[in-house]
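Enquirer: First to last, the protein sequences are chains A and B. Using our numbering, read the first sequence as starting at 1 and increasing by one per residue. Using our numbering, read the second sequence as starting at 1 and increasing by one per residue.
Derived by calculation from the structure, the hints in this document are not laboratory data. Mixed in with the good hints, there may be bad ones.
[Stated by the list, open to error] For lysine-lysine, the following BS3-like pairs were computed, each having C-alpha atoms within a straight-line distance of at most 27 Å:
{"no.": "1", "chain 1": "A", "residue 1": "Lys245", "chain 2": "B", "residue 2": "Lys203"}
{"no.": "2", "chain 1": "B", "residue 1": "Lys663", "chain 2": "B", "residue 2": "Lys625"}
{"no.": "3", "chain 1": "B", "residue 1": "Lys677", "chain 2": "B", "residue 2": "Lys651"}
{"no.": "4", "chain 1": "B", "residue 1": "Lys566", "chain 2": "B", "residue 2": "Lys616"}
{"no.": "5", "chain 1": "A", "residue 1": "Lys245", "chain 2": "B", "residue 2": "Lys248"}
{"no.": "6", "chain 1": "B", "residue 1": "Lys176", "chain 2": "A", "residue 2": "Lys245"}
{"no.": "7", "chain 1": "B", "residue 1": "Lys176", "chain 2": "B", "residue 2": "Lys99"}
{"no.": "8", "chain 1": "A", "residue 1": "Lys306", "chain 2": "A", "residue 2": "Lys582"}
{"no.": "9", "chain 1": "B", "residue 1": "Lys677", "chain 2": "B", "residue 2": "Lys616"}
[Stated by the list, open to error] So the derived label-pair ranges between C-beta atoms look like this:
{"no.": "10", "chain 1": "A", "residue 1": "Met265", "chain 2": "B", "residue 2": "Phe29", "range": "24 to 32 Å"}
{"no.": "11", "chain 1": "B", "residue 1": "Ser289", "chain 2": "A", "residue 2": "Cys596", "range": "55 to 63 Å"}
{"no.": "12", "chain 1": "B", "residue 1": "Gly484", "chain 2": "A", "residue 2": "Pro93", "range": "56 to 64 Å"}
{"no.": "13", "chain 1": "B", "residue 1": "Gly484", "chain 2": "A", "residue 2": "Asn186", "range": "40 to 48 Å"}
{"no.": "14", "chain 1": "B", "residue 1": "Gly49", "chain 2": "A", "residue 2": "Gly591", "range": "43 to 51 Å"}
{"no.": "15", "chain 1": "A", "residue 1": "Gly591", "chain 2": "B", "residue 2": "Ser289", "range": "35 to 43 Å"}
{"no.": "16", "chain 1": "A", "residue 1": "Ser612", "chain 2": "B", "residue 2": "Ser155", "range": "43 to 51 Å"}
{"no.": "17", "chain 1": "A", "residue 1": "Thr164", "chain 2": "B", "residue 2": "His441", "range": "27 to 35 Å"}
{"no.": "18", "chain 1": "B", "residue 1": "Phe29", "chain 2": "A", "residue 2": "Ile266", "range": "26 to 34 Å"}
Computed from a prediction, not measured in an experiment: that's the story for all the values here. Yeah, the Cβ is synthetic: ideal placement off N, Cα and C, and Gly gets one too.
Single-letter residue listing:
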Amino acid sequence: MDSVELCGPAVPDFSTHPGLAAGVAVLQLAASRYLALSEQEKELNQRLRSLYPAVSDQETPLPRSWSPKDKFSYIGLSQNNLRVHYKGHGKTPKDAASVRATHSIPAACGVYYFEVKIISKGRDGYMGIGLSAQGVNMNRLPGWDKHSYGYHGDDGHSFCSSGTGQPYGPTFTTGDVIGCCVNLINNTCFYTKNGHSLGIAFTDLPPNLYPTVGLQTPGEVVDANFGQHPFVFDIEDYMREWRTKIQAQIDCFPIGEREGEWQAMIQKMVASYLVHHSYCATAEAFAKSTDQAVHEELASIKNRQKIQKLVLSGRMGEAIETTQQLYPSLLERNSDLLFMLKVRQFIEMVNGTDSEVRCLGGRSPKSQDSYPGSPRLFNSPVHKASNVITDHLCFPLFPGFDSNYCNGVSSSKGHTSAHSHKSCPPTIPSPEPGVLNGSRGQQTNVSAEVEMEVDHFSNGVSESSSNGFLNGSSTHGIDLEECDADMEVDSAQSKRQLCGGSQAAIERMIQFGRELQSMSEHLRRERGKNSANKKMLKDAFSLLAYSDPWNSPVGYQLDSIQREPVCSTLNSAILETHNLPKQPPLALAVGQAAQCLSLMARTGSGSCAFASVDDYLH
Amino acid sequence: MACLLEAPLRISVLSEVTATSRHYVDRLFDPDPQNVLQGVIDMKNAVIGNNRQKANLIVLGAVPRLLYLLQQSSSSLELRTECAVVLGSLAMGTENNIKSLVDCHIIPALLQGLLCSDLIFIEACLRCLRTVFISPVTPVQLLYTDPTVIPHLMSLLSLSQHTQEYITQIFAHCCKTPEHQTVLFNHGAIQNIAPLLISPSYKVRMQALKCFSVLAYENAQVSMTLVNVLVDGEQLSQVFVRMMQRDKPIEMQLTAAKCLTYMCRAGAIRTDDNCIVLKTLPCLVRMCSKERLLEERVEGAETLAYLMEPDIELQRIASVTDHLVSMLADYFKYPSSVSAITDIKREKGDAFYSIILYCKCSLDHDLKHAHELRQAAFKLYASLGSNDEDIRKKITETENMMDRIVSGLSESSIKVRLAAVRCLHSLSRSVQQLRTSFHDHAVWKPLMKLLQNAPDEVLVMASSTLCNLLLEFSPSKEPILESGVIELLCSLTQSDSPALRVNGIWALMNMAFQADQKVKVEIVQALGTEQLFRLLSDPDTNVLMKTLGLLRNLLSTRPDMSSHGKQIMQAVTLILEGEHSIEVKEQTLCILANIADGNTAKELIMTNDDMLQKIKYYMGHSNVKLQLAATFCISNLIWNEEDGSQERQDKLREMGFVDILHKLTQASDPNLCDRAKKAMQQYLA
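All chains, full assembly: derive it from the sequences and hints.
Expert: Here you go:
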C-alpha cells in the first residue's frame with residue numbers, strides 16, 4: 001500500500017472504497033494529488049477535444065507536454081514536463097538548446113495553437129519560441145536551421161530557417177505570454193503577445209512540425225500551455241473565422257454545369273434512400289412529385305418495411321417468422337444471419353419485448369424500452385416511434401395480464417436467478433396464432449392510414465426519417481388512453497424485470513437459450529469456428545449473470561438502438577437477394593465524404609477540420 | 001404637378017415618353033375604383049426594376065395622383081397600400097426620382113399614413129419612407145419637423161419585424177447632429193431599440209446596431225446610458241462584443257466596433273477595459289487588412305484612429321498588432337490621378353464619349369476610394385504616432401512614408417491634405433525626426449505652400465506643425481526663415497480663430513528663441529507694436545502666454561529698449577496689475593528680469609518706483625515661482641560688474657529689498673534660497 005505514492009492507476013480503486021484509505025494520510029494525499037492532476041488532465045482533454053474535434057487521438061496524438069527524450073542536454077524539464085529551464089553555460093550561441101513537444105501538430109487540427117509564458121528571462125533573454133520538424137538539431141534556437149521557425153525575445157525578430165532574423169514584432173521578456181498559432185489550411189503561422197495577434201510570421205510551412213522552444217542563457221525559464229489552461233489569446237474566435245471560410249467555400253462549390261442535372265441526381269439519391277429503408281409511402285409520394293421511377297415493387301418495399309418494424313420494435317420472433325414466410329430461402333441459405341437474428345431474439349426475450357415472452361404475461365414492453373435521443377443517422381433507419389406503436393397495438397390485446405403484471409413486478413423484485421418460483425398463471429408455450437394475426441391485421445390498418453397522411457408529411461418533415469409512424473399511432477384514440485395508464489405505472493415502478501417479470505417467460509427464455517446453444521454447436525460442426533458468432537452468443541448469455549442486466553457491463557445489448565444494425569443487416573440481405581444495392585447511394589456518399597475527410601487529415605489538408613460531415617446532417 | 005417644373009433633363013425624357021406610360025397614368029383617373037386599383041397594380045408590375053418607366057411616370061404626374069389616392073380616406077385600404085408600394089418602387093430609382101417625390105411632399109403624406117391601423121399599409125408606407133430617407137438628397141430635417149413623428153415611430157417599433165427594420169434604418173440615417181441624438185434619446189430610443197439587437201432577423205439586428213453607433217457618437221449622455229442597458233440579462237457591451245466575433249458578417253463586426261469605440265471615447269468604457277483592448281482594437285485592425293473592401297478599410301482605419309487617439313497604451317498595442325503600420329502602407333497603392341482619361345475625352349469625338357464617360361466614372365469611383373484610403377491611413381498614422389517616439393520611428397521607416405506625406409500635402413483633395421498635415425504634425429513631435437527625416441525630405445516646402453492658401457482647418461494643423469519645425473534644434477528652421485515666413489505668421493496672429501492666433505505667435509516665439517538680433521528686429525518690425533499689444537490683451541490666455549514668451553525671447557539677450565521701452569513697460573505693468581493666472585504673471589516677471597539684464601533697460605525699471613514696489617510685492621508672494629522670478633529680476637538689477645550697480649544697490653537697500661532678500665535666504669525652496677543668497681553676495685562683494 002505504501003508503494004501507491006504517486007498517482008498510479010491503483011489509487012482510484014481506493015477512492016471507490018473510501019473505508020480502506022481513510023486512515024492512511026499518505027494515500028489521501030496521493031489521492032488528492034491524483035484528483036488535482038486528473039482535474040487538470042480532464043480540463044486538458046476537454047479543451048483539446050473542443051478545439052480539435054476532427055483529430056483522432058489514436059492516429060495522430062496531440063502535443064500535451066515537452067518531450068524528455070527530444071531535447072538538448074542543457075534543457076531541464078519539470079512540472080509534468082511543461083516547464084523548461086536552461087542549465088548550460090550560456091556563453092556563446094553554441095550553448096543554445098531546444099526541446100520539442102511529444103508529438104507533431106496533426107493537420108486535422110485545422111488551426112493549432114499553444115502558448116508559452118516567460119517565467120524568467122534569465123541573464124540575456126535569448127529565448128526562441130516556434131516550430132521545428134523532427135530531427136532538426138536541438139543544440140540550436142528554433143528558426144536557425146532548415147525546417148525550423150522561431151520568434152526571438154531579445155530582438156523581436158522572426159527566424160525562418162535562417163541564422164539572420166527579420167524584424168517581426170516587439171521584444172518579449174519576463175511575464176509575457178507568447179502564443180504560436182499554426183494555420184494548417186494555408187500553412188502559415190502567426191504569434192501573439194499577451195493576447196494580441198502580431199500578424200503572419202511564416203508562410204509555406206512544411207507539414208508535421210513540433211512545438212519547440214529554445215533557450216540560451218542561464219536563468220531562462222518558460223512554461224508551456226498546450227491547453228492545460230485557458231489561453232490568453234482568443235483562439236476560438238480565430239477558428240470561428242476559418243470555419244466560416246471553409247464552410248462558405250463548401251457552400252459555394254460549383255456543381256453540375258448542365259441545368260437540372262444536379263437536382264435530378266439529388267432527387268435520385270433521396271428516392272433510393274427512401275426505398276432502401278422501405279419508407280414506401282414517402283418514397284412513392286416523392287417519386288411521383290419528382291417524376292421518377294421506383295426500381296422496386298411497392299409490395300416488396302412494404303414487406304421489408306413490415307419486417308423492419310418488427311425488428312425495431314423488438315419482436316424478433318415474429319420478424320424471423322415473417323422473413324421466412326416472405327423470403328423462404330433467405331435464412332436457410334444464410335445461417336449466420338439467422339443465428340444473429342436468433343441471438344437478438346434471445347436478447348429481446350431477456351428484455352421482455354419479444355412476442356414469445358410477452359405473450360406469457362410479461363409487463364408492457366414500453367417500460368423496457370429506452371430509445372435514445374438521436375441515434376446515428378444513415379447507418380440504419382431511425383424508427384424513433386416504432387416501439388410506441390407496437391405497444392399501442394399489443395397492449396389492448398392482453399388486458400387480462402394487467403394484474404398479473406403488477407404481481408410480477410412486486411414478487412420478482414430482487415430476483416436474480418433464472419430459476420424462480422412459478423408465480424404466474426397459465427404458461428403459454430408459443431404465441432397464440434390468433435393474437436398474432438390480430439396484431440398483424442391491425443398493423444396493416446395502421447400502415448394504410450400512414451399512407452394517407454404521408455403526403456403532408458413528406459412536405460413538412462421530409463428530412464426526418466421518423467416516417468409517419470407516430471401519425472399512425474395517434475389515430476388510435478383508445479391506444480392513447482392506454483398509453484397514459486402505462487406511463488403512470490412506468491413512472492411508479494422504474495425497475496426493469498427479467499423477461500418482463502413473468503416466470504413462464506423466463507422459462508421460455510431459458511429454453512430458447514438452450515436451443516440457441518445447440519444451434520451454435522450445430523453451426524460450428526457444419527461450418528467451422530466463427531469467433532464473431534461465438535462472441536455474440538457469449539455476450540448475450542452473460543446478460544443472465546447480472547442481477548440487473550440493464551445496468552451491467554453487457555447491458556448495452558438491451559438498448560433498443562442495438563436493433564438497428566440487426567435491422568440494417570437483415571434489410572441489406574433481403575435487398576441483395578433482389579439484386580439491389582446493399583447500401584443506399586446516399587449513405588454511400590456520406591460514408592465516402594467521411595472517408596475523404598480522414599484521408600485529408602492523413603495527407604495534411606487542414607481544411608478537413610472545419611468540414612465535419614455531421615455538420616451537414618441535421 | 002409641382003414635380004414637373006425644374007430640370008431640362010426632364011424635358012428630354014419627356015420626348016421619350018411612350019404611350020403605355022401615359023396609359024398607366026390615365027387609368028389612375030378612372031371613375032371606377034376597381035379599375036383604379038387594377039391600374040395601380042399593373043403600374044406596380046410595370047415599374048419594378050425599370051428606371052426609365054419610373055422616370056416616365058414621374059414626368060407624367062403619377063406621383064401627385066398616387067399621393068392623392070393614398071391620402072384619400074374614401075380609397076380602399078388595398079388601393080392605398082398598393083399606392084404606397086408603387087411610390088416605394090419609384091423611390092428605388094435614381095436620385096432625381098427621390099427629389100421629385102420629396103418635392104411632391106411625399107414625406108408628410110406617408111407619415112400621415114402611419115396613423116392608420118392597418119399593419120400592411122403601415123409597412124408599405126414605412127418601406128417607402130425608408131427608401132426616401134436613406135437617400136443623400138433628402139433633407140434629414142424633414143423627419144423632425146413634426147414633433148409627434150418620432151414618438152409615433154417609437155410606438156410602431158413593436159408591431160412587426162418589418163416596421164422594426166424600416167424605422168431603425170430611418171433613425172440610423174437621420175441622426176446626424178447632437179440635437180437629433182437628443183430628440184431620439186428623449187423619446188426612449190435606447191429602451192425601444194435595445195431589445196432589437198437580439199431579434200431573429202439579421203436586418204433588424206444590423207439596423208438597430210447602426211442606430212446605436214450614430215446615437216453614441218460623441219454623446220456622453222447616450223454612452224453612459226448604454227453601458228447600463230441589459231439585453232436579455234446581458235450587458236450591452238457584451239452583446240456588442242459577441243457581434244464582433246470573427247464569424248459574424250463584416251458589416252456587423254465593424255458597426256459593433258464603432259459602437260464600443262464611441263462609448264469608450266465618450267468616457268463610458270475605460271480604455272483599458274478588455275472589451276476595448278482585446279476585442280474592439282483587434283477587430284478594427286482586422287478591418288484594415290487587405291482582405292476587406294475598400295470602404296471597410298477606410299471606416300476601420302478612421303474608427304481605429306479615433307479610438308486610440310487619446311491613449312498611448314492603445315497606440316502601443318495597435319502598433320504591434322497584425323503588422324498594422326506596414327499594412328497601412330498598402331492604402332497608398334491606388335491611383336491618384338485621372339488626368340490621362342480626361343485628356344482622351346477632349347481628343348476623341350462623340351462616338352467614344354459614352355465609353356470614356358463610363359471608364360471615367362469607374363475610375364472616379366476608384367479615385368474617390370483612393371483619396372479616402374490615403375486620408376484614412378494618414379489619420380491612423382497621426383493617431384498612432386501622437387505620443388510614442390518608437391512608433392513614430394517605425395512609421396517614418398515605413399517604405400516611402402515621408403515621400404507620401406510630402407505628396408499628400410499637395411494633393412487636390414482637401415481631406416487628404418488635412419490628414420497628411422495631421423500626420424506630419426504628429427510626427428513633428430519627435431526631436432529625432434525633426435533633425436533627420438523632416439530635413440532630408442524638405443517637408444517645410446510643401447508645408448509652406450499649404451500655408452499660403454488653405455482653409456482654417458488645414459491652417460491650424462499646418463501652422464502647428466510649423467511651430468515644431470521652427471524649434472531651435474530643427475535644421476529646417478533656417479530655410480523656413482529664408483522663405484519669408486515671418487509675414488505669414490504675423491498675419492496668422494490677426495486671424496479670428498484663437499487656434500490660428502496661438503499658432504502664429506507660438507511659431508514667432510519659437511523663431512525668436514536664441515535668434516540673431518537681425519531676426520528679432522525683423523519680427524518686431526513685421527508684427528508691429530500695435531499688434532503686439534493687441535495680443536497682450538487677447539482674451540485667449542494661450543495667446544497671451546505665447547506673446548509674453550515671444551517678448552521674453554525677444555528681450556533675452558541684453559535687449560536694446562530704446563525703441564519700444566516705454567510701451568513694453570506699460571504692458572508689463574498692465575499685466576501685473578490685471579487678473580491673470582500665476583503662469584502669466586511669472587512669464588511677465590521673467591520679461592522684467594530680462595529687461596533688467598539690458599544696460600539701458602535697467603533705467604526703465606529703476607526710475608519706475610511703481611514697478612519696483614510690484615517686484616517687492618511678488619518677492620513676498622505665496623507662490624514660489626513668482627518669488628523666484630521677482631528675485632531674478634532684482635538680482636539682475638544689482639549685478640556688480642555693470643555700470644551704476646552701486647547706485648542701484650543703494651536705492652534698492654533703501655527700499656527694503658535687502659531685508660526681503662535676507663528673509664528669502666531662509667526660504668524652504670532650495671532654488672529660491674540659492675537665488676537670494678547669490679543676490680545677497682552682490683551686496684557683500
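Enquirer: Compare the structure with each hint and give your call.
Expert: These are the hints, each one checked on the structure:
Pair hint A/Lys245 plus B/Lys203 holds up; C-alpha atoms about 21 Å apart against a cutoff of 27 Å. Using a Cα cut-off of 27 Å, the hinted pair B/Lys663 and B/Lys625 holds, with the two alpha carbons roughly 16 Å apart. With a C-alpha separation of about 19 Å, the suggested pair B/Lys677 and B/Lys651 falls inside the 27 Å cut-off, and the hint holds. Our distance criterion of 27 Å between C-alpha atoms is met by B/Lys566 and B/Lys616, whose separation comes to about 21 Å.
Between the alpha carbons of A/Lys245 and B/Lys248 the distance comes to roughly 11 Å, so the proposed pair stays at or under 27 Å and holds. Simply put, B/Lys176 and A/Lys245 have alpha-carbon atoms about 36 Å apart, too far for the 27 Å limit, and the pair is violated. With a C-alpha separation of about 20 Å, the suggested pair B/Lys176 and B/Lys99 falls inside the 27 Å cut-off, and the hint holds. Taking the CA atoms of A/Lys306 and A/Lys582, the gap is about 18 Å. The hint holds against a cut of 27 Å.
For the given pair, B/Lys677 sits about 16 Å from B/Lys616 by alpha-carbon distance, which is consistent with the 27 Å threshold. The hint said 24 to 32 Å for the Cβ distance between A/Met265 and B/Phe29, and at roughly 55 Å that hint is violated. For the pair B/Ser289 and A/Cys596, the supplied restraint of 55 to 63 Å is violated, since their beta-carbon distance comes to about 32 Å. At about 59 Å, the beta-carbon gap between B/Gly484 and A/Pro93 stays in the expected band of 56 to 64 Å.
A beta carbon spacing of about 58 Å between B/Gly484 and A/Asn186 contradicts the range 40 to 48 Å that was offered as a hint. At roughly 46 Å, the beta carbons of B/Gly49 and A/Gly591 sit within the given window of 43 to 51 Å. For A/Gly591 and B/Ser289, the hinted distance range of 35 to 43 Å is satisfied, since their beta carbons lie about 39 Å from each other. The hinted window of 43 to 51 Å between A/Ser612 and B/Ser155 holds, with their beta carbons roughly 47 Å apart.
At about 30 Å, the CB distance of A/Thr164 to B/His441 agrees with the hint of 27 to 35 Å. At about 53 Å, the beta-carbon gap between B/Phe29 and A/Ile266 misses the expected band of 26 to 34 Å.
In the structure shown, a violation is registered for the earlier hints numbered 6, 10, 11, 13, 18, in ascending order.
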